Amino acid sequence: MLLRAYTRDWTALFFGFFFPLIFMGIFGILNFGSFGHVALGIVDNADNADSQAFRAALGRVETLQLSSGTSDDQLARLQKGDRDIVLVIPADFKVAAARPGAAVPTLTLYANQGRGEQVAVGSAILTQVIDQMSFAITQTAPVVAMKREEIAGRNLKYVDFLTPGIVGMTIMQLGVASVMFSFVVDRQRGVIRRIMATPISRRNYMAAHVLERLLLAIVQVLILIAVAVFAFNVTIVGSLGLVLAIAVLGSVLFLCFGFAVTGFVTTENQAPAILQLVTLPQMFLSGVFFSRDAVPAFLKPVSDVLPLTFLNDALRQVSTAGAGIVDVGRDVIGIVVWSAIMFFIAFRFFKLET
Amino acid sequence: MTVAPIVSVRELRKRYGQIKAVDGVSFDVHEREIFALLGPNGAGKTTTVEILEGLRSADSGTALVAGVDVRKDPSGVKERIGVQLQQSAFPENFLAQEVVDLFALFHGRKVDSLALLRAVGLEDKAKQKSEKLSGGQRQRLSIAVAMVNEPQVLFLDEPTTGLDPQARRNLWDLIRDIRKRGTTVFLTTHYLDEAEVLCDRVAIIDAGRIIALDSPQALITKLLGRGFSKPVPQQQANLEDVFLDLTGHALRED
Numbered sequence: 001m002l003l004r005a006y007t008r009d010w011t012a013l014f015f016g017f018f019f020p021l022i023f024m025g026i027f028g029i030l031n032f033g034s035f036g037h038v039a040l041g042i043v044d045n046a047d048n049a050d051s052q053a054f055r056a057a058l059g060r061v062e063t064l065q066l067s068s069g070t071s072d073d074q075l076a077r078l079q080k081g082d083r084d085i086v087l088v089i090p091a092d093f094k095v096a097a098a099r100p101g102a103a104v105p106t107l108t109l110y111a112n113q114g115r116g117e118q119v120a121v122g123s124a125i126l127t128q129v130i131d132q133m134s135f136a137i138t139q140t141a142p143v144v145a146m147k148r149e150e151i152a153g154r155n156l157k158y159v160d161f162l163t164p165g166i167v168g169m170t171i172m173q174l175g176v177a178s179v180m181f182s183f184v185v186d187r188q189r190g191v192i193r194r195i196m197a198t199p200i201s202r203r204n205y206m207a208a209h210v211l212e213r214l215l216l217a218i219v220q221v222l223i224l225i226a227v228a229v230f231a232f233n234v235t236i237v238g239s240l241g242l243v244l245a246i247a248v249l250g251s252v253l254f255l256c257f258g259f260a261v262t263g264f265v266t267t268e269n270q271a272p273a274i275l276q277l278v279t280l281p282q283m284f285l286s287g288v289f290f291s292r293d294a295v296p297a298f299l300k301p302v303s304d305v306l307p308l309t310f311l312n313d314a315l316r317q318v319s320t321a322g323a324g325i326v327d328v329g330r331d332v333i334g335i336v337v338w339s340a341i342m343f344f345i346a347f348r349f350f351k352l353e354t
Numbered sequence: 001m002t003v004a005p006i007v008s009v010r011e012l013r014k015r016y017g018q019i020k021a022v023d024g025v026s027f028d029v030h031e032r033e034i035f036a037l038l039g040p041n042g043a044g045k046t047t048t049v050e051i052l053e054g055l056r057s058a059d060s061g062t063a064l065v066a067g068v069d070v071r072k073d074p075s076g077v078k079e080r081i082g083v084q085l086q087q088s089a090f091p092e093n094f095l096a097q098e099v100v101d102l103f104a105l106f107h108g109r110k111v112d113s114l115a116l117l118r119a120v121g122l123e124d125k126a127k128q129k130s131e132k133l134s135g136g137q138r139q140r141l142s143i144a145v146a147m148v149n150e151p152q153v154l155f156l157d158e159p160t161t162g163l164d165p166q167a168r169r170n171l172w173d174l175i176r177d178i179r180k181r182g183t184t185v186f187l188t189t190h191y192l193d194e195a196e197v198l199c200d201r202v203a204i205i206d207a208g209r210i211i212a213l214d215s216p217q218a219l220i221t222k223l224l225g226r227g228f229s230k231p232v233p234q235q236q237a238n239l240e241d242v243f244l245d246l247t248g249h250a251l252r253e254d
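Top to bottom, those sequences are chains A and B.
Per the numbering used here, the very first residue in the first sequence carries number 1; after that it's consecutive.
Per the numbering used here, the very first residue in the second sequence carries number 1; after that it's consecutive.
Excised from the complex, chain A in its bound form:
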């Protein structure tokens, strides 16, 4: 019955369910943090069969985004930042065995200094393609062979990284915000007082609230994961059961957190400000949207012990690296310790009535 009323509360529904999905959508589509492509401009001054074969070979490399044009045009684009590399193919370009000591056609490469990473990757690819063509002509086997092995066989996309962060953030929001708003408002409007005039005990009343929210949190986490998996192709590497178990632990933590904070909020007007105060720092310092490596050194000690950090780390370890319960033991202990602290504060300061 409480759930039915919840579905009628559009604001709560929006912030509880759609907001995290929108976040995931935006960041998932933008695919921040991924390397992307190398924009390669080609100026083909030869335009013969060999140069066309060379260009075709380049075109098969996925990472390269090819475009071609006149030298002036491509260089101008390079200066504007539209190209990472401009490759000029000389008019005497040919692919043929060269006599030792003879001059070979020389490719000229203009590199965009501001895009070092892309330039490095781009030139490596070019070198490889040229080497392959050379070997094909000279018929010599490579002197050294390099075997490449994909590590763990996974290609971590940004959404893979993001999903556990969003799950963690949602658990925090659902815990803190929903407890704070519903209790502060109900307390101020006299709803709780009216309910306390019925024989229901405080314990049962609180238990109902906690259970309802735990249930909601689980549903929400399942929806988020389902969307992540089916819409964004996110792979949950570790066990889904463990992810859910950690999510439940996290919900308990943030429910305690919510009750603890609500103990210090007396009016409806204070609620949003205090909510931002306690959740915003965690949103940015606990690795929701980007890795905690980006946190400045002086904030690192704070970031290391924030409640959401433990939750996010545990979720991320399991979902992206397939960690087991033992691997995330430290984080789980962190969550439990925080829960205990928050439970104590809530027990001490939270009041049903003012």
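If you are wondering where the hints come from, they were derived from the structure by calculation, not from laboratory data.
Because the structure is a prediction, the values reported are computed rather than measured.
Incorrect hints may have been included.
Stated by the list, open to error - If the Cβ cut is set under 7 Å, some of the chain B residues that face chain A in the computed set are:
1. Asp23
2. Glu53
3. Leu55
4. Ser57
5. Ser75
6. Lys78
7. Val83
8. Leu85
9. Gln87
10. Ala89
11. Pro91
12. Phe106
13. His107
Claimed, not checked - Here are the computed lysine to any residue pairs in the SDA-like style, where the Cα-Cα straight-line distance is at most 20 Å:
14. Lys351(A) / Ala340(A)
15. Lys351(A) / Ile341(A)
16. Lys351(A) / Gln87(B)
17. Lys300(A) / Met283(A)
18. Lys72(B) / Pro199(A)
19. Lys180(B) / Glu196(B)
20. Lys180(B) / Glu150(B)
21. Lys351(A) / Gly190(A)
22. Lys351(A) / Arg56(B)
23. Lys72(B) / Arg203(A)
24. Lys129(B) / Asn93(B)
25. Lys132(B) / Asp186(A)
26. Lys110(B) / Lys351(A)
27. Lys20(B) / Thr62(B)
28. Lys351(A) / Tyr16(B)
29. Lys351(A) / Ser339(A)
30. Lys20(B) / Arg209(B)
31. Lys72(B) / Arg202(A)
32. Lys129(B) / Gly190(A)
33. Lys110(B) / Pro199(A)
34. Lys351(A) / His209(A)
35. Lys132(B) / Gly190(A)
36. Lys129(B) / Asp186(A)
37. Lys110(B) / Tyr205(A)
38. Lys94(A) / Met133(A)
39. Lys351(A) / Ser88(B)
40. Lys20(B) / Pro40(B)
The beta-carbon is built from N, C-alpha and C at its ideal position, and this holds for glycine as well.
With chain A held as given, fit chain B onto it using these hints.
For chain B alone, kept in the frame of chain A given last:
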């Protein structure tokens, strides 16, 4: 034959710091009467009522409600009474009917919520959100909710404050109706006309003490007996009568 009073209060005291909110209050309420605690704001009406409802603890004294000692078993009292609080609201986003069901749940009961709403004239509002109801409708919903556990005593704390004359009269009819069905009604008010037309007996409370207790007519007779007369003779009608004559007696639903 004397029937034991359904509410019996003896020497009830409650203080907040230096303020004696309730200062030795004693009175009885008989079964099936409409009893009012009358007094100015801050006289101790609400504190007294909330002690009887088991919402506040008294410092000393005894209070028996429906045979249960409030100070020893507040939850036992809550099972036997229905309450309407002065400043209270229902959870948001519930339909009127759901509010009734929800509170029945809090009492561990299952009720015919539509019948309860029909009894307060809200049957057609059953599918409306409780916060969208008008002031008078909300008060009637609140009475329907208070009746979910078939209470022996119905406590109403300033039920008509803030209502327009039609809604007030409508609520009075409802209260009389509830009494007719066998429920004792205990209300507080600061409207004297309300106490006069509605109540069997009134207790006047001021500064935490009961200063008079009798039927409205007896109190008036006593006053007249002391040689009191109004400086200006009372007119046969007043402005409220004009207002009701012009706007109609029936309750307006908007």
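Which of the listed hints are broken here? Per hint list: 1, 4, 26 violated.
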